[in-house]
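Novice: These protein sequence lines are chains A and B, in that order. Those letters in the first sequence? Residues 1 to 227, by this note's numbering. Those letters in the second sequence? Residues 1 to 314, by this note's numbering.
FYI, nobody ran anything at the bench for these hints, they're computed from the structure. Some clues are possibly wrong.
To be verified - Partial chain B-side listing against chain A, Cβ under 8 Å, derived:
1) Ile3
2) Thr7
3) Asn24
4) Tyr26
5) Ile260
Said to hold, decoys possible - DSBU-like, lysine-lysine: derived pairs with alpha carbons at most 35 Å apart:
6) A:Lys161 - B:Lys130
7) B:Lys298 - A:Lys161
8) B:Lys298 - A:Lys34
9) B:Lys130 - A:Lys34
10) B:Lys301 - A:Lys3
11) B:Lys228 - A:Lys158
12) B:Lys186 - A:Lys34
13) A:Lys222 - B:Lys143
14) A:Lys39 - A:Lys114
15) A:Lys34 - B:Lys51
16) A:Lys158 - B:Lys284
17) A:Lys161 - A:Lys195
18) A:Lys71 - B:Lys301
19) B:Lys294 - A:Lys28
20) B:Lys298 - A:Lys76
21) A:Lys38 - B:Lys5
22) B:Lys301 - A:Lys37
23) A:Lys195 - B:Lys67
24) B:Lys301 - A:Lys69
25) A:Lys37 - B:Lys130
26) B:Lys130 - B:Lys285
27) A:Lys161 - B:Lys151
28) A:Lys191 - B:Lys130
29) A:Lys39 - B:Lys38
30) A:Lys195 - B:Lys143
31) B:Lys51 - A:Lys71
32) A:Lys124 - A:Lys114
33) A:Lys161 - A:Lys124
34) B:Lys67 - A:Lys3
35) B:Lys130 - B:Lys86
36) A:Lys158 - B:Lys143
37) B:Lys130 - A:Lys124
38) A:Lys158 - B:Lys38
39) B:Lys301 - A:Lys38
40) A:Lys28 - B:Lys186
Where a beta carbon is used, it is the ideal one built from N, C-alpha and C, also for glycine.
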Amino acid sequence: MIKNISNLGDAALYCDFGNDVNQKTNFKVIKYFKHIKKKNIEGITNLIPSYNKLIISFDLNVVNFTELKKKIEDIKFPENDIRRNQKIIKIPTCCDDEFALDIERLSSKLNLTKKEILEKYFNKEYFCYMTGFIAGMPFLGDIDEKIRLERLETPRVKVPKGAVGITEQFANIYTFESPGGWNILGSTPTKIFDKANERQPTLICPGDKVLFYEINKKEYFKLNGNK
Amino acid sequence: MEINKITVLREGVNSTFQDLGRNNCYHIGLPFSGAMDKRNYLIANKLVGNKHNEAVIEFAYQGPLIKIEDGNINFAISGDIKFNIKKNGKLITGDCYKNYNLSKNDEVDIISTNNSVYGYFAVSGGFDLKNNFGSYSTHVRSKVGANNGNKIQKDENFFIKDFKDKHVNKSLKYINSKIEYIRILKGTNFDYFFEQSIKEFTSKEFLVTKLSDRMGMRLQGSKIKNLKETNIRSEGLIKGVIQVPADGNPIIMLSDHGTIGGYPKIGVVISADYDRLVQTPSGKKIKFKLIELKEAEKLYKLYQMETENLLSQI
Numbered sequence: 001m002i003k004n005i006s007n008l009g010d011a012a013l014y015c016d017f018g019n020d021v022n023q024k025t026n027f028k029v030i031k032y033f034k035h036i037k038k039k040n041i042e043g044i045t046n047l048i049p050s051y052n053k054l055i056i057s058f059d060l061n062v063v064n065f066t067e068l069k070k071k072i073e074d075i076k077f078p079e080n081d082i083r084r085n086q087k088i089i090k091i092p093t094c095c096d097d098e099f100a101l102d103i104e105r106l107s108s109k110l111n112l113t114k115k116e117i118l119e120k121y122f123n124k125e126y127f128c129y130m131t132g133f134i135a136g137m138p139f140l141g142d143i144d145e146k147i148r149l150e151r152l153e154t155p156r157v158k159v160p161k162g163a164v165g166i167t168e169q170f171a172n173i174y175t176f177e178s179p180g181g182w183n184i185l186g187s188t189p190t191k192i193f194d195k196a197n198e199r200q201p202t203l204i205c206p207g208d209k210v211l212f213y214e215i216n217k218k219e220y221f222k223l224n225g226n227k
Numbered sequence: 001m002e003i004n005k006i007t008v009l010r011e012g013v014n015s016t017f018q019d020l021g022r023n024n025c026y027h028i029g030l031p032f033s034g035a036m037d038k039r040n041y042l043i044a045n046k047l048v049g050n051k052h053n054e055a056v057i058e059f060a061y062q063g064p065l066i067k068i069e070d071g072n073i074n075f076a077i078s079g080d081i082k083f084n085i086k087k088n089g090k091l092i093t094g095d096c097y098k099n100y101n102l103s104k105n106d107e108v109d110i111i112s113t114n115n116s117v118y119g120y121f122a123v124s125g126g127f128d129l130k131n132n133f134g135s136y137s138t139h140v141r142s143k144v145g146a147n148n149g150n151k152i153q154k155d156e157n158f159f160i161k162d163f164k165d166k167h168v169n170k171s172l173k174y175i176n177s178k179i180e181y182i183r184i185l186k187g188t189n190f191d192y193f194f195e196q197s198i199k200e201f202t203s204k205e206f207l208v209t210k211l212s213d214r215m216g217m218r219l220q221g222s223k224i225k226n227l228k229e230t231n232i233r234s235e236g237l238i239k240g241v242i243q244v245p246a247d248g249n250p251i252i253m254l255s256d257h258g259t260i261g262g263y264p265k266i267g268v269v270i271s272a273d274y275d276r277l278v279q280t281p282s283g284k285k286i287k288f289k290l291i292e293l294k295e296a297e298k299l300y301k302l303y304q305m306e307t308e309n310l311l312s313q314i
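With the hints as constraints, model all of the structure from the sequences given.
Specialist: Written out as structure tokens, the structure is:
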């Protein structure tokens, strides 16, 4: 199912699953990722799944590109459907003006009212394609076609922790204060990344389903205070 | 048991605890981190009799000023570093690649690096720290690693684990090697760029700009022109990857890079040249040379043999 394996530098395999970015392709990536991770193959130091690629980095003292490529090609992957183990995670989100930093921009560019945008946003189940860039950040899709917009022309130097943003076909949650260019429409008090929980530090994992639901400011601060 | 305690009187620049790095966390968005210059890190630990993955203090350009608050410490500094020691009130000029014993009220003042970026301060027994995800390596952006994921601050205290062999003198004759070229392999989007741009990329000099840190090295030189697409679908990154954003200025991913990126990859620095790459200070120029995978693997074996040979001399 991997279309092609090439080298990324001298210490990583670059596995290409095709050009399409959709859930079907991504499920294949996640399946390979999970299976290879479970096998604990000697020399592999990191696995980085994304929409349609899987990068496998390795320790050059233990194995080299040709040897590891062969090992990966020889693995028999199970036929099971990982969708059966999908978790559903509910994320409370407050879209008060204080948090919806780009709602005006979205409203004028998309020619929709604030209410219409939020309705479309909340009325959908999302799929987690990958996590990363910053620790625990989930890349979720696909958002309603009518609320798709490109990134900000000038990215923010600081997007606050907890910010919920959208761009193109995707939504995400800023797990840390970070620079970023996504259109921010709310904030969640939910802790998405917990470094103290080393076994399962991320609340949302690739392959999971995510539902957002709206809360008011009072509920937001109550949840935030109880964190 | 004796208490060995130090106080940081001046924090230096980007001083953090680092070890060999963090495995198996890229998929949750945590980079490998770890000591930027692995060889100098390993040498520093060996000089004080530590196991090879003990945490050390890494600093950039200027190191901390450290006072021994209580007990004794045995330390060594690796890199190309200017430093002074104040022992029993007397000032001594320090030498890298050599261990020193200090007692209560003595000080180490790590003044600056010479024509390089990173240096390492290791103590016998190691620092008494909490690890995170199996590593002491600090990643400041996600607040992960030793010292609660923070840079080392002024007035902080650290404890040092008990150690034996306090008075064994160890040293190494070593001069940090420089190379003319940083050798690279073709990146996965090599064919996204104009032939002329690739020619310039692999023959002209590029300036290491001030916007370089543990996350990445931003270069300036000939603009690398894209003929296909200036963005790709976001995908994984590893250290050493050279991305070219729309403005045509290459960025090399270093140990604390974001784990996912969406710029085309023109090349990847070979593993054998990484230590030397990261030691190139801002304001200096570097040149790239394109080689093949087999040669990169051979060069890594050589690098590894050299490192092991150096460690065996201590």
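Novice: So, for every hint listed, does it hold in this structure?
Specialist: Hints, verified against the model:
no.: 1; hint: Ile3; result: 28 Å, violated
no.: 2; hint: Thr7; result: 27 Å, violated
no.: 3; hint: Asn24; result: 6 Å, holds
no.: 4; hint: Tyr26; result: 4 Å, holds
no.: 5; hint: Ile260; result: 4 Å, holds
no.: 6; hint: A:Lys161 - B:Lys130; result: 25 Å, holds
no.: 7; hint: B:Lys298 - A:Lys161; result: 45 Å, violated
no.: 8; hint: B:Lys298 - A:Lys34; result: 32 Å, holds
no.: 9; hint: B:Lys130 - A:Lys34; result: 29 Å, holds
no.: 10; hint: B:Lys301 - A:Lys3; result: 31 Å, holds
no.: 11; hint: B:Lys228 - A:Lys158; result: 31 Å, holds
no.: 12; hint: B:Lys186 - A:Lys34; result: 29 Å, holds
no.: 13; hint: A:Lys222 - B:Lys143; result: 25 Å, holds
no.: 14; hint: A:Lys39 - A:Lys114; result: 48 Å, violated
no.: 15; hint: A:Lys34 - B:Lys51; result: 33 Å, holds
no.: 16; hint: A:Lys158 - B:Lys284; result: 30 Å, holds
no.: 17; hint: A:Lys161 - A:Lys195; result: 15 Å, holds
no.: 18; hint: A:Lys71 - B:Lys301; result: 21 Å, holds
no.: 19; hint: B:Lys294 - A:Lys28; result: 31 Å, holds
no.: 20; hint: B:Lys298 - A:Lys76; result: 31 Å, holds
no.: 21; hint: A:Lys38 - B:Lys5; result: 42 Å, violated
no.: 22; hint: B:Lys301 - A:Lys37; result: 27 Å, holds
no.: 23; hint: A:Lys195 - B:Lys67; result: 32 Å, holds
no.: 24; hint: B:Lys301 - A:Lys69; result: 19 Å, holds
no.: 25; hint: A:Lys37 - B:Lys130; result: 26 Å, holds
no.: 26; hint: B:Lys130 - B:Lys285; result: 39 Å, violated
no.: 27; hint: A:Lys161 - B:Lys151; result: 20 Å, holds
no.: 28; hint: A:Lys191 - B:Lys130; result: 22 Å, holds
no.: 29; hint: A:Lys39 - B:Lys38; result: 28 Å, holds
no.: 30; hint: A:Lys195 - B:Lys143; result: 8 Å, holds
no.: 31; hint: B:Lys51 - A:Lys71; result: 32 Å, holds
no.: 32; hint: A:Lys124 - A:Lys114; result: 17 Å, holds
no.: 33; hint: A:Lys161 - A:Lys124; result: 23 Å, holds
no.: 34; hint: B:Lys67 - A:Lys3; result: 58 Å, violated
no.: 35; hint: B:Lys130 - B:Lys86; result: 30 Å, holds
no.: 36; hint: A:Lys158 - B:Lys143; result: 16 Å, holds
no.: 37; hint: B:Lys130 - A:Lys124; result: 42 Å, violated
no.: 38; hint: A:Lys158 - B:Lys38; result: 32 Å, holds
no.: 39; hint: B:Lys301 - A:Lys38; result: 29 Å, holds
no.: 40; hint: A:Lys28 - B:Lys186; result: 27 Å, holds
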